[in-house]
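Chemist: Based on the sequences and whatever the hints tell you, model everything.
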Amino acid sequence: MATWYGPPEGYGSDAGACGYGKAVSQPPYNSMIAAGNPFIYQSGKGCGSCYEIKCTGNSACSGNPIRVVITDLCPECSHYFDLSGKAFGSMANSGQANNLRTAGKIYVQYQKCP
1 MATWYGPPEG
11 YGSDAGACGY
21 GKAVSQPPYN
31 SMIAAGNPFI
41 YQSGKGCGSC
51 YEIKCTGNSA
61 CSGNPIRVVI
71 TDLCPECSHY
81 FDLSGKAFGS
91 MANSGQANNL
101 RTAGKIYVQY
111 QKCP
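Each residue of the sequence shown is one higher than the last, beginning at 1 in UniProt numbering.
Treat the hints as calculated values from the structure; they're not laboratory data. If a hint is listed, it holds; no wrong ones were tucked in.
No more than 25 Å apart at the CA atoms, straight line, and that leaves these computed lysine to aspartate or glutamate pairs for DMTMM-like:
#: 1; residue 1: K105; residue 2: D14
#: 2; residue 1: K22; residue 2: E52
#: 3; residue 1: K22; residue 2: E9
#: 4; residue 1: K112; residue 2: E9
#: 5; residue 1: K112; residue 2: E76
#: 6; residue 1: K112; residue 2: E52
#: 7; residue 1: K54; residue 2: E76
#: 8; residue 1: K105; residue 2: E52
Modeler: Here it is in structure tokens:
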């Protein structure tokens, strides 16, 4: 599962448990970031990890994977990622980002970046 946080086209939060701050809005992150659950975050050892994520089960999903970097912790996300608004919308078909964000919580498949 995945949810999203922050502004719809934004980079999530200004802080972030990994300490990257507003740098996540700049290259190489370009706001394509995520807060990981405690298992993914690994008490900070997961910071900077790259994941390929694609949404499934929603007609707005493109089916194409996106890449995100873990820059934050989502302690209540026991089984899912909390993506920046930009990353979440990037999983949608062209013109469908707002429809996907309206769903709020979607099914995803993910793997660590090769």
